[in-house]
Amino acid sequence: MNIYLRELKAHMKPLIIWTASMALLIMGGMAKYSATLGIEGMNMNDLMKTMPKSLQNIFGVGVFDLSIALEYYAVLYMYIVLVAAVHGVMLGAGIIAKEERDRTVEYLMVKPVSRQSIITSKLLAALTNVAVFNGFIYAASFAMIGYYSEGHPYAAGVLKLSLGCFALEIFFLAMGAFFAALISRSKLSSAVSTGILLLTFMLAVIIDISGNYDYLGYLSPFKYFDAGKILKGGYNYAYPVLAALLTVSFISATYYFYKRRDLRI
Amino acid sequence: MNIYRHEIRVNLLTSFLWICAICGISMILMLFYPMIKADMDEYLVFLDNFPPAVKALMGIVTENFSSPLGYYGFAFTYTLLFGAIQAMNLGVGILSKEEREKTADFLMTKPVTRLEILTAKLAASFTILAVTNACYVPLMYLMLTGYADGEFETKTFLLISFSLFFSQAVFFFIGLAVSTVLKKVRAVLPVSLGMVFMFFAISAFAVTSKDDRLRFVTPFQYFKADYILAEKHYEMEYVVMGVAVIMVGIALSYFRYSRKDIQAV
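Just so you know, the sequences run in chain order A and B.
When the first sequence is numbered by the working numbering, its final residue is 265 and no position is left out of the sequence of numbers.
When the second sequence is numbered by the working numbering, its final residue is 265 and no position is left out of the sequence of numbers.
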């Protein structure tokens, strides 16, 4: 419990900065929404839909009808998710690696707590941070979309998207923790998990541009919670199952490797 | 000179990996050009069935993508994202690492002034950024001239490509200034990635038009590829803004670092 509280306190300031910037970002992004896109009675979206899939993806509209607030938000969603993933991976990697990095690990290890309970407290503290962060993402998104929705149903859609964002961030949190437990050099472990994040993000971009390598989506977590599929149907339920399996494996491996690791002092 | 050589040596591997990442990602994105081009040609034929007003509008939207340079301008967004992370990491890390790794008092006992230390470190960083660009630009030149049948606007290509270096300089000095203003940087990546991805997200979804004042906030918007493609020159006010950020960054770093209280071990 002491470790949990200590970690919450230590992460208070970063959490406030992340949450505030994210809320501002969502508000700023949604403030640019206007229901009147297009020319002379022709809807810009119908025109966009005449384009081949690869071009639609390049222009970032894809299957969305930008005149509906929720679908406008879905375009922003990809970037919200990206920022959340960065937050998650840094949090997961940092919370495990910081004791050795800041040379406080000896102090911690002489306390009468097992390594397992240390990891449990730390992961719970990280999870609390992620929950608060995503709670604010959900609240900001819900309020902004609600404000612009003009009677279109949106509540279920925002909830689904926000849950997707939450699940993805937990996935990256677990991945960051796993590499921090596996590799004892904190610089190397955070570089590896960041590298994976960037490469899988680029893979998702490339899948979008090419428009016909959808099966590669299994390799990129950013494709697991695809806004288009979530809102428009055709969502592949193998993705969340895979994400959950990977998350659980990463967390188990975190315990396994941290327990028997030679700490760097 | 010793500090310069030392910095180059310790950054050798990281820089090599960054050069591979930046060149690799850009190359892979460019490999999709022939496919996009085929889709585009098909679409332009299809557009002939539409009324002239629609044809004109969609022509403007899609115009850029029928040439390799236009597609390059699109792919450049992601190159810039990677370049920004490289530069920001260097900027945040290069001074703060001495304190983090407890080598600051070793360095401070050497017969060099702090100004000389900072200057040597800046020179090393800019050598690394220059080498990165020296690998990237010729590679892209070869690829693009390979794709271009007939005329190729070398000037436009160079303007877009050199904006990588200018943007990297801006990101570098933002990172450097932040690292000297913060009391202690415990880890580089959370700080640098947080800033880069926030800038990226602002650029991707909060900025919606050419005249948006928010463009001054994010360095990702200082050199817009589609503007350069259309006008064949940079936007002066944003160049001025970029230079201003760099100047403030240099001044702030020298000022803060020359009188900073550096913690001894």
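Heads up, a few of these hints could be off.
[What the hints assert, rightly or not] Keeping only pairs whose Cα atoms sit at most 27 Å apart, straight-line, the calculated DSS-like set for lysine-lysine is:
1) B/Lys102 / A/Lys98
2) A/Lys187 / B/Lys183
3) A/Lys98 / B/Lys184
4) B/Lys155 / A/Lys187
[Claimed, not checked] Covered stretches of chain A, as calculated for chain B (at least 3 residues, CB under 8 Å):
5) 9 to 22
6) 256 to 262
Read the hints as simulated data drawn from the structure, not as lab findings.
The C-beta atom is built at its ideal place from N, Cα and C for all residues, glycine as well.
So if I understand the rule, the pair passes when the alpha-carbon distance is 27 Å or less; does A/Lys187 with B/Lys183 pass? holds, 20 Å
Original post:
Hey, B/Lys102 versus A/Lys98, does the alpha-carbon distance stay inside 27 Å?
Top reply: Holds - the C-alpha atoms of A/Lys98 and B/Lys102 are around 16 Å apart, at most 27 Å.
Check your understanding: Is it true that the CA of A/Lys98 sits at most 27 Å from the CA of B/Lys184?
Key -> holds, 14 Å
Three or more residues of the region 256 to 262 of chain A near chain B by CB distance under 8 Å? Contact hint for the region 256 to 262 of chain A vs chain B: violated, 0 residues under 8 Å.
Claimed coverage, the region 9 to 22 of chain A by chain B - three or more beta carbons nearer than 8 Å
holds (count 4)
Quiz item: Are the Cα atoms of B/Lys155 and A/Lys187 separated by 27 Å or less?
Solution: violated, 40 Å
Hint compliance for this structure: hints 4 and 6 are not met, and every other hint is.
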